[in-house]
Amino acid sequence: MAVSVYYWIEHISTISAVPLALVGFGITFWQLFKTRRAALAARIAAENATRNINRGTLIMLLPQLMYVEGELDEAIRRRSLDLTLSSLRTWRSQATQVRGLIALVAPGDNEKVLKSIQSSVSAVVSAKRRLTESPNDDLVAATRVVRKAIAAVTDELGILAVAELAEVGGESQQ
Amino acid sequence: VTEQSDVAKLATVSQRLLTLTLSGRIKWEKDPRSEDSYAYSTTDTTVIIRSQDADNELPYVISVRDQDGDTVASLTVAASFSDLDQRNMFTDLYKAARRSALQVDGVLDRLIDELEIEDKAEPN
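Chains V and X, in that order, give the protein sequences. Oh and the first sequence: position 29 is 29 in our numbering, straight run, nothing missing. Oh and the second sequence: position 59 is 59 in our numbering, straight run, nothing missing.
Don't take every hint at face value.
Said to hold, decoys possible - Within a straight-line C-alpha distance of at most 20 Å, the following computed EDC-like cross-link-like pairs (lysine to aspartate or glutamate) qualify:
#1 K9/X to D70/X
#2 K128/V to E29/X
#3 K112/V to E29/X
#4 K27/X to E111/V
#5 K115/V to D44/X
#6 K148/V to E74/V
#7 K27/X to D66/X
#8 K128/V to D70/X
#9 K112/V to D66/X
#10 K148/V to D44/X
#11 K128/V to D36/X
#12 K115/V to D66/X
#13 K112/V to D44/X
No lab work stands behind these hints, which were simulated from the structure alone.
Given these sequences and hints, build the entire structure.
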């Protein structure tokens, strides 16, 4: 079911995010133009459009993180140390990108999800170190904590994605 | 090599974490590095404390990671650590972090409650 939700999030965001941002730019510009000076109206409309494009990029990245979580599970199921380490590296990289976009889209408004991301990035570093130092450790046991940390992030981001999609839709209709 | 100024700052960080942990305002988590490694994360920093020999005893290693997961400061507190007060404080922090991550109080409280219910139940 979670995959299905992310599938639709990905497709809706791909289809709608940038066009909606551009439509939003036009509407915001027109509304503000009526009451304020043109330069100020253009600046505010541009800021809104930039935020919506960042929001669309963030929404598109979220299913990729979900996919990495699935790849990690599959690597562990196959008992593949190399694939497990590769998935952990990918998670660290993409989670860092998502953190940056969250800071742009909703600064100061997502403490819980940012803490989850930080916790997962650190857990990935620890898990990689453990697996590198003790490559014969049982993969399931050695990754239990990091998988829990990653699952906490995807849960939090799922909630965030729904909220941000609603924001994109809401602003484009204003 | 740990700079002396880093030691002082890590001691300050640890003292504040100890206070917050003992008052229950922050919760630690298990860290995947080993069975005796515990982590606390803010939005862009993680503090890890672990027993170096994985025996819950000194030496303890406390380290701070940045938002990319890179270690920016680290300190090993061994039995020979010169400042006795600080050594005791780091020891207290390790024990408090462990109790928080393993939810020792919650587990024991639930066990006591269950045993009380068993005690009051009619024998079969």
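A quick look at each hint next to the structure:
Taking the CA atoms of K9/X and D70/X, the gap is near 18 Å; set against the 20 Å cutoff, the hint holds. Restraint check for K128/V and E29/X: satisfied, since their Cα atoms lie roughly 17 Å apart, inside the 20 Å limit. Pair hint K112/V plus E29/X holds up; C-alpha atoms about 15 Å apart against a cutoff of 20 Å. At roughly 15 Å between alpha-carbon atoms, K27/X and E111/V fall within 20 Å of each other, so this suggested pair holds.
Pair hint K115/V plus D44/X holds up; C-alpha atoms about 7 Å apart against a cutoff of 20 Å. Distance restraint check for K148/V and E74/V: the Cα-Cα separation of roughly 15 Å lies within the 20 Å cut-off, and the hinted pair is therefore satisfied. Of the supplied pair hints, the one linking K27/X and D66/X holds, its CA atoms being roughly 19 Å apart against a limit of 20 Å. Of the supplied pair hints, the one linking K128/V and D70/X holds, its CA atoms being roughly 13 Å apart against a limit of 20 Å.
For the proposed pair K112/V and D66/X, the alpha carbon gap of about 17 Å is at most 20 Å, so the pair holds. Restraint check: the Cα-Cα separation between K148/V and D44/X comes to about 19 Å, which is no more than 20 Å; the hinted pair holds. For the given pair, K128/V sits about 16 Å from D36/X by alpha-carbon distance, which is consistent with the 20 Å threshold. In summary, the hint linking K115/V to D66/X is supported, as the alpha carbons are separated by about 12 Å, within the 20 Å threshold.
Distance restraint check for K112/V and D44/X: the Cα-Cα separation of roughly 11 Å lies within the 20 Å cut-off, and the hinted pair is therefore satisfied.
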